[in-house]
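S.K.: Protein chains in written order, with the numbering used here: chain X, 127 to 547; chain P, 8 to 329.
There could be a bad hint or two in this list.
Said to hold, decoys possible - To give an idea of the interface, some chain P residues facing chain X are shown, with a C-beta separation under 7 angstroms as derived from the structure:
hint, residue
1, His-76
2, Met-78
3, Asn-81
4, Tyr-147
5, Ser-212
6, Ser-215
7, Phe-249
8, Leu-250
9, Arg-302
10, Glu-305
11, Asp-308
12, Gln-312
13, Ala-315
14, Lys-319
To be verified - For lysine-lysine, the following BS3-like pairs were computed, each having C-alpha atoms within a straight-line distance of at most 27 angstroms:
hint, chain 1, residue 1, chain 2, residue 2
15, P, Lys-96, X, Lys-491
16, P, Lys-178, X, Lys-485
17, X, Lys-374, X, Lys-457
18, X, Lys-485, P, Lys-328
19, P, Lys-328, X, Lys-491
20, P, Lys-36, X, Lys-481
21, P, Lys-20, X, Lys-517
22, X, Lys-485, P, Lys-291
23, X, Lys-450, P, Lys-178
Calculated directly from the structure, the hints in this document are not laboratory data.
The beta-carbon is built from N, C-alpha and C at its ideal position, and this holds for glycine as well.
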Amino acid sequence: MYTAWPLKYKPQSLSEVVGNSLAIAVFKDWVKSWDQGVPKKRAAFLYGPPGIGKTVTVEALANDFHMEFVEKNASDYRTEDAINRFAGLASQYGSLFGGKRLVLLDELDGLTGNSDRGGVRAITEVVKNAQAPVVLISNTAYDPRFATLRKYCLLIEFKKPTTSEVFKHLMRLCQVEGIQADENAVKFIAHRSGGDIRSAVNDLQALAQGKKQLTYEDVSWLGYRDRQDTIFNVVRMALYSRTCAVAKQAVNLADIDIDMLFEWIYENVPAHFNDPRDLANAMDALSMADVYRGKIRATQDWSFMRYVIDYMTAGVAMARQYSKVGWVPFKFPTRIQSLSWSKAERAMQRNIGYKIKPKFHISAKRSLSEVLPFIRIIFKNNTQKAAEIAKWLDLNEEMVNYLAGNEEKAAAITALLAENA
Amino acid sequence: MSFEMWAEKYRPKHLDDMVDQKEIVERLKSFAKARNVPHCIFAGPPGTGKTTAAMCLARDLYDDSYREHLMELNASDERGIDVVRETIKTFARSRSIGEIPFKIMILDEADNMTTDAQQALRRTMEKYTESCRFIMCANYSGKIIEPIQSRCAPFRFSFLPKEEHDKYICKIAQKENVTLLPDGLEAIYEVCGGDMRRAMNTIQSAASMNKPVDSKLIYAVTGHANPMDVQKMLVTAVNGDFLDARKQLRDMLQKYGVPGSDIIRQIHSEIFRTKEIPEPLKIKLVGYVGETDFRLMEGSDDEVQLSALLAKMVQAGYELKH
């Protein structure tokens with residue numbers, strides 16, 4: 127029977143986990159501290175590149191400590207039900223059968239791809255009120271969306287194991303499998319993995335399973351696997367490449383969606399193009415990329431995406447002619463943090479737009495710029511008029527809260543509405 | 008409590024009530040009198056009375072029962088080809104009861120229909136002319152495909168001239184007991200440029216503060232980029248500080264919610280009024296503004312487009328000095 131080796135040789139105990147001994151020790155102490163009562167940080171946030179044993183560590187620990195282990199996956203988070211269930215699980219330390227409970231939310235970054243701010247917020251609530259240890263796992267902890275969540279978590283960074291640690295692990299597997307392996311061949315695999323132990327084990331299996339021997343010739347034909355690079359390297363490529371082809375590669379290497387990459391580039395262009403002539407050309411390329419984004423939105427024809435990519439990467443990189451090259455730090459896109467960017471907010475605006483539409487003979491979309499701002503002003507200034515508008519437009523409580531901007535005002539408006547009902 | 012936003016409350020009900028657009032109104036009245044209406048395109052900027060004119064025409068045609076003979080669809084929200092094939096077709100082919108043998112279909116923001124949907128519409132318009140007449144409202148008639156244009160009588164709406172605008176706004180202020188100061192009235196026109204919906208919304212939201220309405224209140228309330236602010240941003244850019252200029256832009260867009268199309272309009276008029284910009288540069292900048300205006304319409308992100316324009320201004324300022 128075929129079993130994937132990463133699964134077959136998955137550590138059953140913390141002592142078998144490769145590397146990250148410091149991080150593991152911190153994590154262990156934190157879990158232990160729960161026996162003395164609820165600690166200050168109710169969640170541990172494990173972050174680091176893929177394939178280096180974050181999830182495995184949590185599983186092994188649960189095993190070692192005989193804890194009831196509950197895991198949820200990124201794809202489930204979005205539904206309210208799932209979050210409620212998760213909240214229920216995290217609300218009790220002792221499980222039904224007397225054991226202790228450990229709750230894991232894996233692949234947290236899966237949430238951010240679609241900028242589901244509401245989901246992160248709900249998870250933050252769960253963490254704040256947790257009565258059992260909650261473990262969050264993500265490739266990055268420093269996504270702006272996690273800013274609030276981070277405050278309530280013990281951050282534990284997992285680093286790539288060193289090549290020699292990976293090497294030792296692979297050699298041990300070869301021994302167990304009864305394979306006579308050339309050290310150089312195994313070193314090559316270990317080196318090639320770039321610290322991703324899961325992919326190293328996968329590669330070893332692909333090359334060596336069923337063999338008695340593994341030679342350097344067996345492995346040398348393999349090239350380096352393209353590793354997903356950090357966002358900084360990706361942005362650097364888009365801003366500094368000398369050729370179009372290399373700049374365009376940035377999109378393939380990016381671990382984030384294209385809109386997000388666009389934001390990163392847009393944010394960093396001004397600081398990295400210090401000659402006004404270059405800056406104008408780079409910004410012009412971004413403007414063209416955006417024109418094609420608009421085309422996609424208008425026609426839903428995604429084949430225009432190739433031009434978006436060309437302009438935002440190669441177009442920007444080729445703008446560099448006079449700028450001096452010096453070390454400038456990369457910045458996170460600040461624009462995203464602003465409220466109007468969030469998906470939840472846009473959905474709310476859209477729903478209000480659909481209330482305005484029939485009354486104003488104007489599309490929901492256009493009402494956002496032509497009517498909504500004015501309604502907002504009235505809500506801010508005049509509770510009586512706000513209530514009248516709320517009634518006229520048949521706004522629900524959530525919409526009133528949103529437009530009022532603060533709870534006090536919303537309560538006053540709602541009270542007026544109830545009076546007149 | 009019968010409350011309406013003023014833009015709705017004071018929307019003209021009959022063609023006779025309409026302000027300005029005189030020639031158009033006269034022609035529409037003659038349609039109503041003859042009890043026959045061709046397919047029409049109402050083209051023009053927002054807030055100039057396109058939808059209002061269509062609704063008035065329907066009222067004048069059918070009197071009180073106009074709702075039974077009228078369908079209003081907004082192409083921005085329902086622009087797919089399915090809507091044309093189902094909703095529109097079903098309405099268009101059903102026979103009308105009453106003296107007038109056809110119904111009226113108002114297609115608002117028709118320039119936002121996809122080309123496919125427009126192509127599909129073309130057949131429907133032709134086939135069911137007997138039972139349904141279309142009025143297509145659009146900002147840009149150019150975005151409506153030729154074959155449809157050629158089937159329609161074109162009407163061009165334009166922004167209200169200042170006298171008409173002022174007269175109407177003053178009337179509303181009086182009816183709603185709003186103290187409107189002369190500079191407030193000026194500011195409304197300056198900010199809204201004859202877009203009546205915007206003007207009505209502006210004065211109503213200003214009035215909600217229960218203070219006399221002056222220009223300061225208008226600027227504050229609309230959060231509209233104060234002309235001076237736009238000037239400051241331009242000067243900052245031409246003097247070479249891109250990041251500062253972009254920050255000012257971002258404030259206008261995000262903090263005050265000014266639409267990009269308004270900012271570009273103001274930039275255009277401010278360029279000529281700004282002393283700090285050297286004369287030879289002005290016309291060059293206008294070229295950039297025009298290109299940006301065009302891209303704003305096509306693009307998806309106002310800030311990206313406008314900050315690209317600022318970068319161009321920084322460059323132009325730099326080149327002039329070197």
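S.K.: Could you tell me which of the hints above the structure violates, numbers in ascending order?
M.R.: Per hint list: 1, 2, 4, 18, 19, 20, 22 and 23 violated.
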